[in-house]
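Student: Model the full assembly from the supplied sequences, consistent with the hints where possible.
Quick note, the sequences are listed as chains A and B, same order.
Numbering-wise (the numbering used here), the first sequence opens with residue 7 and increments by one.
Numbering-wise (the numbering used here), the second sequence opens with residue 184 and increments by one.
These are computed hints drawn from the structure, not numbers from a lab.
Note that the structure is predicted; figures quoted are calculated from it, not measured.
There could be a bad hint or two in this list.
[Claimed, not checked] Which chain A residues face chain B? A few, computed with CB under 10 Å, are given here: (1) THR71; (2) LYS150; (3) LEU151; (4) PHE154; (5) GLY156; (6) PRO211; (7) PRO228; (8) GLY229; (9) ASN251; (10) LYS255; (11) THR268; (12) GLU271; (13) SER423.
Yeah, the Cβ is synthetic: ideal placement off N, Cα and C, and Gly gets one too.
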Amino acid sequence: MMTKGRIRAIAVAACVATMLTGCSGRIPTSSSNDSASLINLSPNTPAASGGVDSATWALYRDPTTLDPATAFDYPENTVIATMCDALLRQKPDGSIASGLASEYRYRTPTALALTIRPGVTFWDGKPLTADDVVFSLERNRDPKLGGFYGKVFDRVSTITAEDAKTVLITLTQPDYWLTGELSAMPGIVVEKAFAQQQGQKFGTPDGGTMCTGPYRLAKWTPGESLKLAANSAYWDSTLTPLTKNIAFKGIPDAATLTTGLTTGEIDGSWITDTSNLSQLQRTSTVSVHSGPTLETEFLIPSNLTGVLGDIRVRQALSLAFDRRSFINAAYAGNALEPRLSTNPGTWGYAKDSFNAAWNAAPEVTRDLDRAKQLIREAGATGKPLVIGTSTGMATVATVSNAWLEVATAIGLDAKLSNVSPENYINFFTDPKAREGVDAFSTTTYGDYADPAALISTYVLPGGNQNYSGYENPALTDLLNAARAEADPAARARDVIEAEKLVMHDLPWIPVAHPTSFLVLNNKLTGAPTSFCYMQSPALAMLGARG
Amino acid sequence: MGRFLLRRGALLLATLWVASIAIFGALYLAPGDPIAVLTGGRQITPEARAILVARYHLDDPLPVRYWNWLTSALHGDFGYSMTSRQDVSTVIAQRVSTTVELVAYAAVIVIVLGIGVGVLSALKPGIVDNIALLFTTVLAAVPSFVAALLLISVFAVKLHWLPALGEGQGFSDQLAHLTLPAIALASTSLALVARITRASVRAESSGERVQTAVSRGIPPGVILRRHVLHNASIPIMTVTGLTIATLIVLVSIVEQAFSLNGLGATLVKAAANKDFSVVQAISLLMVAAFVIVNGIVDLLYAVLDPRVSLGTAAS
Chain A
7 MMTKGRIRAI AVAACVATML TGCSGRIPTS SSNDSASLIN LSPNTPAASG GVDSATWALY
67 RDPTTLDPAT AFDYPENTVI ATMCDALLRQ KPDGSIASGL ASEYRYRTPT ALALTIRPGV
127 TFWDGKPLTA DDVVFSLERN RDPKLGGFYG KVFDRVSTIT AEDAKTVLIT LTQPDYWLTG
187 ELSAMPGIVV EKAFAQQQGQ KFGTPDGGTM CTGPYRLAKW TPGESLKLAA NSAYWDSTLT
247 PLTKNIAFKG IPDAATLTTG LTTGEIDGSW ITDTSNLSQL QRTSTVSVHS GPTLETEFLI
307 PSNLTGVLGD IRVRQALSLA FDRRSFINAA YAGNALEPRL STNPGTWGYA KDSFNAAWNA
367 APEVTRDLDR AKQLIREAGA TGKPLVIGTS TGMATVATVS NAWLEVATAI GLDAKLSNVS
427 PENYINFFTD PKAREGVDAF STTTYGDYAD PAALISTYVL PGGNQNYSGY ENPALTDLLN
487 AARAEADPAA RARDVIEAEK LVMHDLPWIP VAHPTSFLVL NNKLTGAPTS FCYMQSPALA
547 MLGARG
Chain B
184 MGRFLLRRGA LLLATLWVAS IAIFGALYLA PGDPIAVLTG GRQITPEARA ILVARYHLDD
244 PLPVRYWNWL TSALHGDFGY SMTSRQDVST VIAQRVSTTV ELVAYAAVIV IVLGIGVGVL
304 SALKPGIVDN IALLFTTVLA AVPSFVAALL LISVFAVKLH WLPALGEGQG FSDQLAHLTL
364 PAIALASTSL ALVARITRAS VRAESSGERV QTAVSRGIPP GVILRRHVLH NASIPIMTVT
424 GLTIATLIVL VSIVEQAFSL NGLGATLVKA AANKDFSVVQ AISLLMVAAF VIVNGIVDLL
484 YAVLDPRVSL GTAAS
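Tutor: Quick look at the structure:
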């Protein structure tokens, strides 16, 4: 449920790239620009034929911590997920399988029992125990650690080691979302003795970490690289690491990253900045793969006391936005126009039901006349709308300008409110910063493949991304019913009903469901294309291309 | 000499003190919330926020924070970096060599090529001079970030001669990795030094003393060394010294363009993240380097020309 405004520079704003290989005026659109093929993307690349000695993998910036309790953004998640195992595991297709818990079972709707996988050791050779599991889960709930995942345990009453190989989580109310969270950062297990010994240094460059994953931490030189070495004693034979050494490097600048990928100094990356996407697609030494992801780009109405308090105004804005042009410009065509509010990549269960609901939902067609009519009906013509933006962030500036144009076209008195890139983040954290604006943009995602994982953060009262105080009792009831529903098919029915309400109410206005983007040197293959890289050690599959 | 060094030392300390207040104050007033950076924009509970605020003393008033910083700094403790979660001294120690090597490499290029091209251009009017003029005009007009992009595009992406990213390991690998950055960093200064050298050598060559020496039949090589270059050396030295000092400032841009793990790139990142102690320490280090380079130039004046008294040069 963690999110962050993703800094994604848009292609039109990035002709700096001209210096490298020339920027064509027209941005080529993907040949696979139809919805069915974007829904059914392969989560994998072809399997590797053998091992390689080393690979350099780029992140959009340096990781700042290896502590899973405080990890929520791309760099930290990618690195921790490669080194550490969670109790449950997210598979590339979004389904959830066993992880360090070889079995998990709800004994009653309020008692979840986890069986600790036998024979698993940490990198230092110490065996994994139920004690380590209890310790790691409790860290999330310890307010003194300042961790970010306390809220996902809000229905947890106790976490206890029943015996040496069983951990029992008792709940105050049924919670079938908890297994999803246990397959993500909150479910990562670290060695108790090591973490206690390191104290405040745990997770820092001085303290490091101790996990059970396919790679161990070799050397972390902040600013330069974070080096991992293969763990030859890894318990999972299906994920035996193929690449012996992986060096993660933080490269904030898209042009620099493109250069590194082109020259082969960088071997691969799951890129979040799509500004050089079309250039990378034309580069002969790398291949660009699209995969399923949990991410969606939104306009967030943060003030419902102004003009956006009227559903008709939100609907009018959504109707008037030219998503197709935006998707072609920003994602080279590799994104879906949202018929539902969450990305098809979030369909980790009951896929057929979600797919049917998607197909049954009305297509997103731009209708300016209907939008203008809605504004007139709402009596909103000429009323003010302030959109928060940052001209220092190309991606945010471009989409905000598009919204400005749309709002003006339908008759609102729209303005932009500009803040520095450093202050843009305050819209997400500081109610005072939000006072002056009605809406702002972001790209965000849930922790696991369930549409409810993201929706619940911004529509439930008290949700950690519910900036506007939005509340719809019917929607709250549906999500609470889904959370308490053991049967995935029945849960999907609740979530689909919730999706319909979200698409009608538009508490957030979805703009696009992009694919994930994996860029790989042509000598390599095996890494998954899907967003599972954020939570599972899938990079272990990276190896030589035959 | 002793007095000169004493005076310079006092000047350095005073400059550092004033700079430390200015940097600390500016950073305090600048927009951005360090907690937002720490939490990446995630909403955290008031308790978690309070813990972070207390851990990094973010609630103390400015004078108290400055005083705490100053007293620790005087004990050799430059604080803790909030974003890299390391002691500032470690952060600096890991990066200082890259920056020093890069600046030194660029300085060598500026001195050897700049003075070389300038002398050649002054002594060989005509085609050589014209080519040198064109070359230095273009270089002077290209800012280092553009130079960086051009160099990467041609020598790394197209020709695959030299690497584009990182600092490399071992001497020859490091030299290869730092070559393009050093050229990008040196280009503008190189042009300036070449221009000044050309003008000074020209002026000295047409001076009376040189004409006299030529008429006395002294060999041209000796004239060049003893009369022309020696007399032209003071303006050349001044400009070279100043431009090398500016390299210290420009290094941030070049380090970022080549993804080098140096002090400059770290300073920019730390400033964006409001990582007070890192900004403070690196800025002061750069100010100190700037003052010291200028001091060395002053010292060299006296060596080159005994008429220059150190006492006055220092004021």
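Student: Looking back at the hints listed earlier, which ones does the structure fail to meet?
Tutor: Per hint list: 9 and 13 violated.
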